[in-house]
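Full structure from sequences and hints, please.
2 protein chains.
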Amino acid sequence: MNTKLLYLTLIFVLYSGGISIGQSYPEYTIKADNCLPGKSYPRIYDDGRVIFQIHAPEANAVLADIVGKKFPMQKDEDGLWSVTTDPIVEGFHYYAFNIDGVRVSDPSTYTYFGTGAALSGIDIPAPDMKFYSAQNVPHGEVRARYYYSRIRKVTRRCFVYTPPGYDQDVNKRYPVLYLQHGWAEDETGWSNQGKMNFIMDNLLAEGKIEPMLVVMDNGDISGLPFNVVNWDSAQSITSTGKNKVEFQDLIIQEVIPMIDSNYRTMSDREHRAMAGLSWGGLQTFEIVFNNMDKFAYLGAFSGAIRLRDNVDITDLYGGLLKHPDEIDEKLKLIWMGTGSEEGNWSQSFRDKLTELGVKNIIFYESKNTAHEWLSWRRCLREFTQRLFK
Amino acid sequence: MNTKLLYLTLIFVLYSGGISIGQSYPEYTIKADNCLPGKSYPRIYDDGRVIFQIHAPEANAVLADIVGKKFPMQKDEDGLWSVTTDPIVEGFHYYAFNIDGVRVSDPSTYTYFGTGAALSGIDIPAPDMKFYSAQNVPHGEVRARYYYSRIRKVTRRCFVYTPPGYDQDVNKRYPVLYLQHGWAEDETGWSNQGKMNFIMDNLLAEGKIEPMLVVMDNGDISGLPFNVVNWDSAQSITSTGKNKVEFQDLIIQEVIPMIDSNYRTMSDREHRAMAGLSWGGLQTFEIVFNNMDKFAYLGAFSGAIRLRDNVDITDLYGGLLKHPDEIDEKLKLIWMGTGSEEGNWSQSFRDKLTELGVKNIIFYESKNTAHEWLSWRRCLREFTQRLFK
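If you read the protein sequences in the order shown, they are chains A and B. 0 is the number of the first residue of the first sequence in numbering that gives the first Met the number 0; add one for each residue after it. 0 is the number of the first residue of the second sequence in numbering that gives the first Met the number 0; add one for each residue after it.
It is possible that some hints are incorrect.
As the list claims (entries may be wrong) - With the C-beta cut set under 7 Å, the calculated list includes, among others, these residues of chain B facing chain A:
#	residue
1	Ala58
2	Ala60
3	Ile98
4	Asp99
5	Val103
6	Thr110
7	Ala133
8	Arg144
9	Val169
As the list claims (entries may be wrong) - Derived pair list, reagent style DSS-like, types lysine-lysine, alpha-carbon separation capped at 27 Å:
#	chain 1	residue 1	chain 2	residue 2
10	B	Lys129	A	Lys152
11	A	Lys30	B	Lys152
12	B	Lys366	B	Lys30
13	A	Lys152	A	Lys171
14	B	Lys152	A	Lys129
15	B	Lys30	B	Lys69
16	A	Lys331	A	Lys358
17	B	Lys30	A	Lys152
18	A	Lys171	B	Lys171
19	A	Lys321	A	Lys331
Simulated from the structure, these hints should not be mistaken for lab results. For each residue, glycine too, the CB sits at the ideal point set by N, CA and C.
Shown next, in the form of structure tokens:
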């Protein structure tokens, strides 16, 4: 960019920013917490209604698309489109604008990697939002850790949460939670959408959890071309899905040894847990049930598991479920959580395990939440309080 | 999201993804390295031409907007718009699509925070790209560090690069480089656009630099409403800009003490450097020249400094430049770099300092690059090799 272009860019930003100083805002609204610097919209009313805005003077029709509803927007004389939605249920929701038929992100907010794309998102404050908000308490770090995968022949990235004090108390060793995102998300999900670091910081400050490391890798389901996966069969519990087996190899053969050799971990199975949300829950059942020598705790948050009628679960996982006593003996906990407003697959799977004789299951329901991140933030809060004690 | 909505979302992703298996691609093209998982465009020819694509069946006119040029796109019968650009100069370039007059990000690539917005970007490979690429060498970590600012009364985030071995060699202490982004960027810039961690990893593996910590904070110029800043006066060297002074206070009073108390630093001035790109270079001159007791090295990468005719530089920085000997005595290095294809403000400022009698200046020109991140990656590579030796 030459000097002139730099200036043109600056001027573009000035005029496209929609910034105006001294502007007043509708009463009883707050700015969404993920607005880009200098932006003031979207704004959220105290009853959950959202005001969206986008500047698109040449567009013919603009919609705001959130929680499965489309809200037509109105244009003013300056080409600024806006709409006030119905009340949106509390929690984290991806959204998009539809401009003359094209789905685009909101240029006023940070984007998130979800449903395989860089999407806008909005966090409708929940009554209990303090538990996932930044408080003035000691903070852990979220570390980007790069490692070369011999299996994949590529440099990969995972994130590692280290609790406050990790660098200071250099003789202390820590248990480890492996924590997976959902389908078409990636290793950034738990920090960005899930606010996992603030949840952990706050629980630690209250003395409610043991200090632990949390490892968030890429479950390799972010780029899974959906049309080459048989969702119906993948949703059933099978150990034959190529992708799943590969991720299992990666976690067991590469990630766990890499973490144990680079961090001060407790590397026995009694101090290792795995949990995941949605498809990450499916992977967690797969990986933990197939590697009972490696894990003592299992968490599934809205685990994406449904049994097809013709699948006998006792044929899966090397026949593990023919011996429910072994599960109860080895696993200190199978923890399952779900949002109250989503399907009942978690309950069904819990019932199936119980029917087979597995006893050590704890089940949690997040009130008034669906298949989204507020459910999973609450799951993380509840699950981690039962770990490594 | 209820179960039905989940399925609808999945189906949306399927149909919107534009994924097709077994598809062939134009010869002599590679996929951009920041494509989202499952995406195959944009693609880059070996001569730098880029093929952009976007699915927008209802749009009337779509342009690809990159390096200040607009390339009209053509629609096929499936509503897929595409264009092959002219050769684009090597380096990192923000770009956007313009759909019926609305500027939007490319849904096929990750976005970057630049020019105050979440923007698409593309990296046209440079002949020397190996130095900023992930190699199979020991990797440092990029740590998200959260801290409460008493000055700002808010929890802030900075990133801290720790070199390989930082956790293992627990008695070793490290020098620190404070490294700033440019105007309307933020603390993510150096990792995401700048690839600073790979640059440092590679230089360390070659034994070309000393191990050091690199701290990247938010220079508070990301959300600076441009229309409340007088660019002309801000560009001149003045110590009166409110924003700049506030950031100086933050760095000096809060960030440096926070880093020195949480990391194993060498906390004397001989082991502390500061550098910044563009506006971050302006801030670096301000902060280092006003705090000569704190820093021994200064780097300005395309530093956004121009002197107005009516400004006497010797009146600035507390009159520091009336005593050029003091600068040469205290600062081990003033390092200035620029791209060959941008304005000559760096050269002019270098000449001014030289004319005043400052001797210890090293000047570097990145060949064939403009005011963009390839220039600054190269500046980082050159500058760090002269630090702490």
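Here is what the structure says about each hint:
| no. | hint | in the structure |
| --- | --- | --- |
| 1 | Ala58 | holds, 6 Å |
| 2 | Ala60 | violated, 9 Å |
| 3 | Ile98 | holds, 5 Å |
| 4 | Asp99 | holds, 5 Å |
| 5 | Val103 | holds, 4 Å |
| 6 | Thr110 | holds, 5 Å |
| 7 | Ala133 | holds, 4 Å |
| 8 | Arg144 | holds, 6 Å |
| 9 | Val169 | holds, 5 Å |
| 10 | B:Lys129 x A:Lys152 | holds, 17 Å |
| 11 | A:Lys30 x B:Lys152 | holds, 18 Å |
| 12 | B:Lys366 x B:Lys30 | holds, 25 Å |
| 13 | A:Lys152 x A:Lys171 | violated, 33 Å |
| 14 | B:Lys152 x A:Lys129 | holds, 17 Å |
| 15 | B:Lys30 x B:Lys69 | holds, 21 Å |
| 16 | A:Lys331 x A:Lys358 | holds, 11 Å |
| 17 | B:Lys30 x A:Lys152 | holds, 18 Å |
| 18 | A:Lys171 x B:Lys171 | holds, 18 Å |
| 19 | A:Lys321 x A:Lys331 | holds, 18 Å |
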